[in-house]
Every structure is written in C-alpha cells, then in structure tokens.
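Here the protein sequences line up with chains W and G, keeping their order. Take 1 as the starting number for the first sequence in the numbering used here and just add one per residue. Take 1 as the starting number for the second sequence in the numbering used here and just add one per residue.
Simulated from the structure, these hints should not be mistaken for laboratory data. Possibly wrong hints are sitting among the right ones.
[Stated by the list, open to error] Only pairs whose alpha carbons sit at most 20 Å apart, straight line, appear in this in silico EDC-like list of lysine to aspartate or glutamate:
(1) LYS348(G) with ASP73(W)
(2) LYS340(G) with GLU225(W)
(3) LYS348(G) with ASP83(W)
(4) LYS223(G) with ASP54(W)
(5) LYS80(W) with GLU341(G)
(6) LYS318(G) with ASP83(W)
(7) LYS80(W) with ASP311(G)
(8) LYS318(G) with ASP86(W)
[What the hints assert, rightly or not] Sample of chain W residues at the chain G side, in silico, Cβ under 8 Å:
(9) GLY42
(10) ASP247
(11) GLU263
In this text, all values refer to a predicted model and were calculated from it rather than measured experimentally. Yeah, the Cβ is synthetic: ideal placement off N, Cα and C, and Gly gets one too.
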Amino acid sequence: MKVIIGFEIHEQLATKTKLYCDSPTNYREVEPNTNVCEVCTGMPGAKPYPMNQDAIDAAIEIALMLNCEIVRDPIYIQRKHYDYPDLPSGYQRTSLPIGIKGELNGVGIWEVHLEEDPGKYDPLSGKVDYNRSGVPLVEIVTAPDMHSPEEARSFLRELTKVLHYTGKVRPEGGTMRMDTNISLEGGARVEIKNINSVKGAYRALKFEIARQKNLRKRGIIVKRETRAFLETQMITRSMRTKETAEDYRYIPDPDIPPLLITEEKIKQIKSLMPEAPHLKLSRFMEQYGLSRDDAWAITSEIDMADAFEEVAKLYGKPGPAASFFRHIVKKVLGYNDLSFRESGLSGKAIAELLSLRDSGKITDAGAEQVVRTLVKQPGDVRRIIEKKRLIRIDEDHVLEKAVKEVLEENPGAVKDYKSGKAEAMNFIIGKVMAKTRGRADPKVVRKLLIKELG
Amino acid sequence: MVEVTALTDEVQEKVAKYLDRARREDGDINALIELNPGAEQAAKEVEKKIDSGKGGRLAGYVVAVKSNINVMGLRATCASKTLENYVSPYDATVIQRIKKEDGIILGMTNMDEFACGSSGETSYFGETQNPRAKGRIPGGSSSGSAVAVAAGFCDVALGSDTGGSIRNPASHCGVVGFKPSYGRVSRYGLIDLAMSLEQIGPFANNVRDAALLLEVIAGHDPKEGTTIKDQFQGYTDNLSADLDGWKIGFAREFEEFTEPAIVRVIKRGLDRLSSNGAEVVEIALPNLDKALPTYYLTVFVEFFSATRKYDGRRYGYKIEDVCGREVLRRIMLGRYISQKEYSGRYYKKALQFRSLIKRELLHALEAVDVIAGPTVPKLPHMLGEKIEDPLVMYGYDVLTVPTNLAGIPAGVVNVGRIKGVPVGMQIQGRPLDEQKVLNAMHALEKD
Ligand SMILES: [Zn+2]
Chain W
1 MKVIIGFEIH EQLATKTKLY CDSPTNYREV EPNTNVCEVC TGMPGAKPYP MNQDAIDAAI
61 EIALMLNCEI VRDPIYIQRK HYDYPDLPSG YQRTSLPIGI KGELNGVGIW EVHLEEDPGK
121 YDPLSGKVDY NRSGVPLVEI VTAPDMHSPE EARSFLRELT KVLHYTGKVR PEGGTMRMDT
181 NISLEGGARV EIKNINSVKG AYRALKFEIA RQKNLRKRGI IVKRETRAFL ETQMITRSMR
241 TKETAEDYRY IPDPDIPPLL ITEEKIKQIK SLMPEAPHLK LSRFMEQYGL SRDDAWAITS
301 EIDMADAFEE VAKLYGKPGP AASFFRHIVK KVLGYNDLSF RESGLSGKAI AELLSLRDSG
361 KITDAGAEQV VRTLVKQPGD VRRIIEKKRL IRIDEDHVLE KAVKEVLEEN PGAVKDYKSG
421 KAEAMNFIIG KVMAKTRGRA DPKVVRKLLI KELG
Chain G
1 MVEVTALTDE VQEKVAKYLD RARREDGDIN ALIELNPGAE QAAKEVEKKI DSGKGGRLAG
61 YVVAVKSNIN VMGLRATCAS KTLENYVSPY DATVIQRIKK EDGIILGMTN MDEFACGSSG
121 ETSYFGETQN PRAKGRIPGG SSSGSAVAVA AGFCDVALGS DTGGSIRNPA SHCGVVGFKP
181 SYGRVSRYGL IDLAMSLEQI GPFANNVRDA ALLLEVIAGH DPKEGTTIKD QFQGYTDNLS
241 ADLDGWKIGF AREFEEFTEP AIVRVIKRGL DRLSSNGAEV VEIALPNLDK ALPTYYLTVF
301 VEFFSATRKY DGRRYGYKIE DVCGREVLRR IMLGRYISQK EYSGRYYKKA LQFRSLIKRE
361 LLHALEAVDV IAGPTVPKLP HMLGEKIEDP LVMYGYDVLT VPTNLAGIPA GVVNVGRIKG
421 VPVGMQIQGR PLDEQKVLNA MHALEKD
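Only chain G is shown next, with the shape it has when bound in the complex:
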C-alpha cells in the first residue's frame, strides 16, 4: 500500500494517487459511485494557493462525500434508481465551506439507499465490501464514506447520521466517525431521511482530522433554521487527551443489549480512559429499550413526508415504483401511521417517548462528562447472509439511536478487534459539547 497522508505529498501528486488507487481497487470494494472529474484541476489550484501561502485550513485534504449531499455538478443519487440521473445544481453548505477552505472533493460514495439501512447492502449500485473485515458488511448507511477512508481512497469523508449511520460503519470499518449535536452543522443540501434527527459529520483516520473537518463544516447557517447561533472554539486547538478529574458514565443497560465479546473489548477501552485520569462511574438508562421503536416511528413519518417530492414528475421516476424493499417498507409504514386516525397513537406517542429519552440522557450527562459504551451490539454479518427480518436489522441501531433522539454529539473510535473485526467505542456528550467527546476519543486513540 502506498502511504499517503495529508500535507506531506504535493497535492496534485496525492490526488492523482488517490484517484489511481480508487480506479484500480474500487471495482471490488464498491465504495464510490462517481469520481469528481474536476479533482485534478482543483488540486492544481489548491497547490498554487499553498505555494503562495494562501492555502485554507483544508488545503491538500481530499474529501469523499456521501451521495445524499449535494455537490454542484456531481450526482446526488442517494444510491437509488429514483435519483440516478439527478445532478446537483448547487452546493450544500458543508461543501461550500470545504471548498472555501481548499478541500478537494474526490467523488460521491456508495450508501444504503436513501440512508435506509445499517449494513451497506441496500444500494441500487450494489453492496460495499468492508476492507478491514473481509467478507463482512461495512455497516451503514454511510458505508462508502467509511470504506473510502478505510481503503485509503481519501483523507477524510462526509457521512450523515440519522440513527447511527456514521458511527455504525466507523465501528465496523475501524475508522473515526463523528455525529455532531443537532443544529451544530447545517443540513442545507443534505437529502432527507428524517429531518429532526440527522446531522452531517466527518470520517477520518484519526481524531485530529475528524476535528478539523468538523470545525470547517460546523457553525450557524443563515439558510438553515435549525442551526444554532453560538460561538464554538476551534476543536483542533483544544484537542487534549488529558482527562484528569473527568467522570465517564457507563450504563449497565449497555451490557444487556451487547454481545459479551464486544463488552469485553469496550471495557478495555474504559480502562484506557481511566489511565488518562478519568473515573468510570455506572449510570442508569432504564428507557434505553424504548429508543428503537421511538426512533423508527419518527423515521417512517418524516421519511414518508420527505419522499413526496419524488412523484415521478420531476426526477424521472416515482420513488415507490423503483426503490428497494427497505425504502418502500419505510414509506408505506410512514403513510400508514401518519394517517389522521392514527397519528395520535403513533407519531405523537413517539414524540412523547422522545422527550422522555432525551431527558434521561441529559440527566445522566449532568453527573458525568461523557458517556462511553459500545457502538453496535453485535459484529457485522457476512455479506450474502441475507437478513430478511427488518427487526433483526434494526437491532444494529439500538445503541446509536438514543443520541439522535436526544440531539447530543457522539463519536466513535476503534478500541480493538474480535477475530480481526474492528470494534468501535462510542462516546456521547452534552449538547454542543463536541470538544469533550473529541478529547475522550483522542485519549482512546493515543493509548
């Protein structure tokens, strides 16, 4: 493998290497849907800027982008036949910010169709391989973005996380992934799964790169009403592995849901946090079992609403006519439970449980600095081993969805392997306190 790291190679040379590697190796891996034909030209311009001392904060960084984020001139297919011919006429806010800081877009990554999945298997363009656990699923739905980083096609990547879609594949692929607090990063230009839950976030090989990409894309967007107007400090400047005096919460409920082998790896991660000065304390999250149904009811209704624009009049196909089974299932369930006669029973109830779960997590976070625990309760299954029962599939998300229901930040960093399969630890923090989450992650990766 050719070693390529940000800022060490000449930019043009590096971009050429990444493109070359992607062209040679992605045929088997299938992490990418489309390469950016303008990448080399962009590299040339960025290199000129660096030479004249005017390079931005991401100068020389090569970024892969999940196919549900609009990049002008590239296809935002959402890995669906529905949008197979949709070429973005505009840049998402995060893309504008990356371009402004001289990041170079490598291309668009594969994903579960419309982000509906946790395995990377539901793409119209085919499943994605896990380069760090051969033969297994990479996780999802931001499968291609996690894999592009793991396979060395780029420095960093953007994913989106509605219920774990960044953290789940980060754990399975052994890379760093981060879901920001709700409202921290603009969703302008992110194609919807469930609007009240999702955020765009970074993948990287290390916490510092993830923090850097995050600080570039974060911050209030006057075009997006749910972004928060506060001043956040530079995440990279304040990155520190010193956890002296920290309290780290571990919920006893995590063990009930998680395979014992994974718990053992996670506990070794907790020891590492202790050795950096933190005290691990037990906390209780008794309503953890309510998170999954609450999450899915919310997703069904919001996704149904979000997909009404794919009515066949503008984008070629009516979504229900061409989409895969999981997407169709969610739309049909959303249509069903959002009916006037049921909305009180399902959606409103989901909103009530959502506030309950949020209160519980925020209450727990009053007593501790961050909550640490497993990301995914089981190891990724083998590709080809079809999981037909949606409830079994949804079970992958049980530990990641509460974060989104509460709108808090969470990141994943690798803490070990089981028979070669990577296992990531999930750190959850207080709303808008991404820094503490990043610092705990940094402590884990520093050994």
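With the rest of the complex left out, here is chain W:
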C-alpha cells in the first residue's frame, strides 16, 4: 500500500536578537522572563520593530540552499490568530512564502516562510516563559514526496545537514520541530503535530501507518484529522477532526510593511553562501578521488569537510586522509558524542598527526590516542605524543622483551596457535599491543611472533 508523507518543519534561526525587537535570543542560558520587552510580551501599544535583517537574510539563504525560487513580489506578514497562553498578542506573525518551488534529494520544497516562536507554556504550573517569544523561525513546507518512514528520516537528516551547513540555525541542535501529513493510498490525510526530533518523526510515522492499516483491516474509514504525537508513549492521539478545524482568520499585519527582496540582495547572499552538501560530496569524489562512502562521511558536517580540505592541502594525500577521517576521527567523535565543531579538532593538527604517522614516529593506534586526547583537551600534537609517551617502539630488544613476556603469560593461546588455530595469533598480537600501549607496529610484532613460535 502506497504511503504518502509530507512535512512542515520549524527551525530556530541563530540571530542575536529576536525577530521584531532587540531582546536577546539566548533564552536557554537565562532565568525565565528576563529576555523580554514590551514588544515580545505584546504589551498594549507596543509595535513590532522592523523585521530583523539577519533573520530575513538567513531565511533567504536557507531557501536558496533548498533550491527555491525567491519571491520577488511584496511578501506580506500575516497574523495567524489563535487562543493559547503562549501567544501574548493572540496571534502569531508569519510571512507569506519567501522561497517557493525548491527541491532537496528528490523531495519538493513547496514553501519557506519566516515566523516568530511563541513563548513556552507549562500547563502544570500554569506559567508562561516569554524568553522564547519572538525568536525567529524558518518554516519549511515539503511536498508529500516521501513514501516510508525510512525515506522521511533520511530526508530530515539531509535537511538538518543543509540547515547546519548555512550556519544560520542553532548549532547545538534540538530546536527542530515538525508536523507531518500522512495518508495511505486512497485514504484521508492525517496531520500529526508535536514532533520534536528526527527520531520522533520516524517513530510517529511508524505508529501512524500501523494505526491506519489496522483501521482499514477492520473496515473502518480513516478520518481527516489532526493528531498529537506523545513522545513518551510513542503514540499519536486525536486532537481535532476536520469539522472543528481552527480558523486562523489570517490578515496582513498592518504594523509591518511587506518585505521586498531585491535581485541585488539575492546575488549578495548567493555569493557568500556555502556549497550545498550534495554538491560538495560530488566535488570531493571528483577532486580528491574519494569513494562515495568516504565523501559522504566527511561532508556530513561542514566543519569536518572544511578541515578535510585543509588536511588534503597540508598533508597532500587525500585518500589516506579521508580514510583517517572516516575510520578514526568519526569513531572518536561518535564515542564522545561530539560534532566535529564541538570537538575543537583542526585540519592543521590532523595533518601534522598524519605526517608523523607516515614518518613512523607513531603508530595508527598512537594516532588514534592523540585524537582521543585532543577532543578532551585541545593541545599541541607533538607535546601530547611526548607527554603520553606514544613514540613508536623501534628498538628490537624492547619489543622482543614484550613479546616474550606475553607468550609466557598466555600459554593457552600459544598452545591453541600451535595446534593450528590461526586466530590465536591475533589475540596474542592484541596482548602485545596492549602491553606497549599501542606504540608497537603490529606488522613488526607479527613478524617477531612468527619467528618466536616457529
């Protein structure tokens, strides 16, 4: 049965001040209701300041990165009325589309809008925190071009990557919110609200498809309705049906003159815009001769891609560099749950490390240890190698001594090897590497062992 999925995605823009006033946007770091003024709390008589230019530019850039056409007619800001405690004026300001007819990985991008975040309402205490009220959001509306939760998930991941490439969204992540529309072929469209992560979207879609299929099996017609995703219970629950659909009574906001985007502005933003991830991926494959997998891994984050290019330039061997990024750097980052940007790693340090490894000063295992140290505390590569005594052991007598000790300590493994179990060799090599804290070259160790065991 064909499944049809589309999204409305909201992501906060990383501007210093809010969309219609000068209050700061760093609401996570401050006490509730401190980043506020009469504008973002909707005090009687307060008017929106002219729209934050940084937010407008960010929305244009995101629309361009999503291959949208930028709207050249006057773009009106609409008032969307609804009654909820988090909305200080009883309406939310949302722009008509800034970008239209875009596309990302085969998924149509219908519209890109700019709007303001409401405050945060806590139903338990009944309190509202207006620190978030007025923070700029970009809203991205996709075509219903996805056909499975897996496709939806990979689209959302790609979109996240593009948004982070622009550097115009909150780098710390976790600010993406989305609604999804889903229907099974021939059935009514169901909207699911309250989804706060890519993982959440995947789970909500999985649940909803199962729910709709079950209804069909039982001969029940799926109603057109809006449902809420309850993340903790991993289910969706009905909010309202079509008959009770809200009427937002949209009107153009009389306090805000329509936005006019000039050709000049578009040109200026285009000239400063980063290369889109999929274009970067193709270029890396072509320019550096990388495999698709290597290029994919490295372009997953723009800071990593930039660092890779620096390494390729300084170190000169893109192939081995790519392999180091994909297998060592990404592994360490994953283990520490860090992005490349957060890790403090630099292209220069990695280039130096690779050169030291190639010259035989350290082993692969030693290089990995340096990376592990660097992500915890940035420092000079050579000093870390010295301090941690990671210099490769080249003196034969030191290695021979370690090998002898290991053989004495592991008679069982020696016996296994001698009785024909070849894999026992790897176990013994591992023990030698551990004893030398990775400073031995495993190839040399193997040679010594073969000599020793005959």
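Here the structure of chain W is known, so what remains is to put chain G with the ligand in place on it, guided by the hints.
Here is chain G with the ligand on its own, set in the frame of chain W:
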C-alpha cells in the same frame, strides 16, 4: 477664568494653576481620568533648565494625553474596564519626544472606550461634557483631550485619529486639531483600534502650538516600521497665512452629506481663504459614499485582531466580558467578517474600495493645494439623547474617514458657530504635506 498661556508664567506656577483648575472643575466636565502625580516635580526641573538657558522646544508646555497612549507610570486604560488597572511600563515614542523637549505631562484624558465612538459617551469612566456647547457631546473619540484644551486644563493635548477622532471633537469643541499623514508620527505606544488607519496628533488653542507639538512628535522612529524616513522642515518656522496662487478644492458631494446651516458656516470659511489669496475650485469625489462602509469593515477586522491580547490571562479581564456595547459590537462583527469563508467578501473588498477612495482623493489633490470642507455633517447631539442606531452614530464620521483611508494629513480649525455650537473647517492635504494644511488653517484663524 484665569488667563494662562505657555511661556508667560513661571512654569511651576502655571502647572499648579492648571492642576488646581482641573481638580476644581473637572468633576463636572470629566475630561480627565488621571492626573500625573509627577507634574509638579517635572515643572520644577523644567524651570531650572529654562533658567539655565537649556529648555527644550516644549519647555513650559503642559500636555494632556489621551488614555490610549502609554506614559510610563500612568494608567493607559483606554477608558475601559478591560485595562482599568493597566499601568504603562514604558513611554510611547511621542511621549519620549515630548519629555525630551521638556513638555510636562498633566495627566491622562477621557475618551470613547478603546476609541470606539464619535461622541465621548462610551467611556467606562462616564461621558465628557462639552465646555463650549453646554449640554452637548464633545465629540470623540479623543473627547477628553479636546475638552482639556477647551476647558483650559493644559496648553496642548495628544489625541489619536483613526477615522476622525481628533478632528471631530476639535470641531465640536472649537479647538485646533490635526491628524498627520499615515507614517508621519510613530504609533509606538499607541494602543490599537485600527492599525492601518490611525495616527497620533495634537490639539491646541491655536495653529502655531499645534504645529509645534506636531514637529516635536513627528519623524521616523526606528522602532516603528510604518513611519516614513524623510526630512521634514520645521512646521512653525514655515507657518504662513499667505495663500497667494493657491487652489483650494471644495467637493460638491460635501453639501449632499452636510446640514445646510453647517455648509453656510463652511462657505464663509472658504471666503476667508479666498481673501488670503486662494482660488476656490469645485472638485468631485463621487466615491465619498463608499468611504463609511469601507472604513468600518476595516476597523472591525483590525480591532478584532488587536483585542485578542485581552484574553483575561494578563490584564485581569477578558475584553468581551467587561467592555461596553459598541466595543463588543465591533469585536463580534470583526470576528464574523474575518472568518475564512467571508474574508474575500468583506475585508478584501474593503481593501479594494480603500485603494479606489485613496486614488480619488490623490487625484483631486493633484489639481489643488488642499481640499477644504466641513468636518462633521451635523451638530453634536445633546448629552442624554441616546443614539441607539449605530448607523446613525457612524454617520458623524462620513467626512473624516476618507482622510484616514487615503493616509493624508488633515486639520480642523474653528470657523464659526451655530446657536453657540462651534463648527470646524477641515483642511485635507497631499501625503506628507502637513505644512500646506497648517498654513491654510493658519490663514483661517488669522481672519
Ligand atoms: Zn522583546
């Protein structure tokens, strides 16, 4: 009556006199909702500045403020129970500018509730008397501001004009009132009736004082996106009654809508303009009859939107629970016509007619320097004579609303009386050409 004029008395003495008179006489007149407890202290400071030669352009002027404009520390009630306890936490841009030029705030004036009215009768704090036409309404909605000037409680006052709310009471109370071009004065801090139509403007006893207050409050405001960025010249410096070579337009449609006695007074005003060198020419405004429905549809929708914040969560009361009938009527009609299924029929149509009316007025103003005519088509009714039919009430606005729909400047100055009741002439000008409007008004007052 004690004579008090700006800059002649010592400032402290003058403020004390105004406060004293307000305390003694306002009980009957009801022009004021709240006096500024800081007025005397402000006067002291301003006097010091004047003595040291550092007084601002409004030094010594005492200003009354309509209760829909935020003055920090005073109540901006909009004369409604809805906001009876709302103390402004900030100054409107116009108030900042007045304070910077050493104007002294007397207090907050009475008004029609949320500026919804043309009579001064719908205030939660009670109706306001017309001191220049005893027993009659003062007009509205800036009733208290017009009356405060007429009653001698202050030198000048601020009102707001969405469809005539400055010009209507100025005409009925025989004072000078001025509505600037849309975007000329910042609305930052003005509590909304209909955002796309309204402007803050001055009341005064003479055109020069009105021009002075206007030039202090006018000009681009970086906090208000609809204000216009242009350099305007000082209105008082360029004030002149010489209308040599001017063409003044009078629309034949004005007569259709206006009581004959008022037309006669207005025509005498036109003669005065002629004697100052202007030629009066007839113009046509055939779509004048469409202005009223266009205006009210726009007001209903925008007012509905503007009042959504009074949901009972922040300001004590939900507006629909405590407001008067006229406010409720407008909210309900706004809610009704802004529904998705009707918006095409009403609001969008209103926007279309609005551009038609604007085009017509701008076209007429291409051929003339200003348009002169009556302000209000009928005399103010007697207080207590309740007008129940909203359409009859709305009829007061037929000549003032086109100005707001077109966003052009207009001022009112008294040109005569009918059985003692003041009649004001309305001068409308080209967008941003407040100077010509002020000069024509100046010519009328100079005799
Ligand atoms: Zn703010």
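Verification of the supplied hints:
1. In summary, the hint linking LYS348(G) to ASP73(W) is supported, as the alpha carbons are separated by about 18 Å, within the 20 Å threshold.
2. Simply put, LYS340(G) and GLU225(W) have alpha-carbon atoms about 19 Å apart, close enough for the 20 Å limit, and the pair holds.
3. This hinted pair does not check out: LYS348(G) and ASP83(W) have alpha carbons roughly 24 Å apart, beyond 20 Å.
4. Note on LYS223(G) and ASP54(W): the hinted pairing holds, with a Cα-Cα distance of about 16 Å set against a maximum of 20 Å.
5. With a C-alpha separation of about 15 Å, the suggested pair LYS80(W) and GLU341(G) falls inside the 20 Å cut-off, and the hint holds.
6. Pair hint LYS318(G) plus ASP83(W) holds up; C-alpha atoms about 12 Å apart against a cutoff of 20 Å.
7. At most 20 Å may separate the alpha-carbon atoms for a hinted pair to count; LYS80(W) and ASP311(G) meet this at roughly 16 Å.
8. A hinted pair counts as satisfied when its Cα atoms are at most 20 Å apart, and LYS318(G) with ASP86(W) qualifies at roughly 16 Å.
9. Taking 8 Å as the C-beta contact cut-off toward chain G, the hint placing GLY42(W) at the interface holds, the least distance being around 5 Å.
10. With a cut of 8 Å, the hint placing ASP247(W) at the interface with chain G holds, because the nearest CB-to-CB distance is about 5 Å.
11. The beta carbon of GLU263(W) is not positioned within 8 Å of any beta carbon in chain G (closest approach about 22 Å), and the interface hint is therefore violated.
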